[in-house]
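The listed protein sequences correspond, in order, to chains A and B.
All letters in the first sequence, in the order written, are residues 244 to 420 by this note's numbering.
All letters in the second sequence, in the order written, are residues 1225 to 1348 by this note's numbering.
Derived by calculation from the structure, the hints in this document are not laboratory data.
There are no misleading hints in this set.
For each label pair, taking beta carbons as the anchor points, the in silico distance ranges come out as:
#1 B:Tyr1311 - A:Leu319: 43 to 49 Å
#2 B:Gly1298 - A:Pro349: 44 to 50 Å
#3 A:Gly303 - B:Pro1233: 24 to 30 Å
#4 A:Pro326 - B:Glu1267: 40 to 46 Å
#5 B:Glu1267 - A:Leu372: 39 to 45 Å
#6 A:Arg351 - B:Gly1298: 47 to 53 Å
Here are a few chain B residues that sit away from chain A, every Cβ distance over 10 Å (derived from the structure):
#7 Val1264
#8 Gln1269
#9 Ala1272
#10 Lys1277
#11 Leu1288
#12 Glu1296
#13 Gln1315
#14 Trp1317
Ideal placement from N, C-alpha and C gives every residue a C-beta, glycine not left out.
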Amino acid sequence: MTRSAIELTVTAEDRRVAWLATAAVGLSLVDAAIPSPLPGVKPGLANIVTLVVLLRYGWGTAVWVSVLRVLAGSLLLGYFLAPGFFLSLTGTTLSLLTLGLARHLPARWFGPVSLSILAAFAHIGGQLLLARAWLIPHDGVFLLTPVFAGAALVFGTINGLIAAKLLADTPATDFPR
Amino acid sequence: MRWLALLLPGDWLIIGLAAVLVGLSIPMFWQGGMADRAIVRQEGQIFADIDLKARKQIEVPGPLGSTLIAVEPGRARVVSDPGPRQYCVKQGWLMRPGEIAICAPNRVSLQITGRTRVYDSISY
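Please model the complete structure; the sequences and the hints are all you need to start from.
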């Protein structure tokens, strides 16, 4: 094999991010396969990965995994650079920022479920604002707010519980290194 | 229940706050203001514009006969109509802005409006 002109050194951290992002992309695909009554109301299963990564490896890794997931997920599902991509990116950005703040909440009182719900609300809030500003420039968009907020609460709680269970059941060394 | 053990006190607080937020968002976004007036149209022309604070009945003449409309505080309905299928009568009370009952055969419609204009559908 010819030696590549550019030698990429892959660190253990890179491999970990790649593995976790793969898991997140897989869950994004599962997400897309679940029929939804309304565009935008999705379980957001990939956020389970984001939460686990955040709590185990820190915010920086969570950002990497999330952004890679949005990129690779949109490429696989065929909406890269389509409106859905920007909605997804805005929602993810806002929920990552929220998580960046919320993870400083005292861990004794606030577990993954809190983080998950806060992130879900930030996600849907960002998407609604972008949709209002760009895709459907009419206040009628906000008629969907109660539906989205309800979905954020329900799915945020469920995802948070799953993340909490994963974190509780697996010792730190069980995750891909 | 093992799942419940995963919820910390703060989590319950967040769930509660989020539920309150969802509850508050329903009246905030789904009213489009209060139902203010009932607009009755005949052949597309405004026949009557009634304040929904009043309680009254009006008769609207059309090509098939007369359509009877009842207005009560905060709501209005078509009581009777000479049309064959009675869709507008079966719709019952209308109370949210944007709701409309159309008695097409008799060319009469009854619409509820609020402070802000709402649409019965959004097209884009």
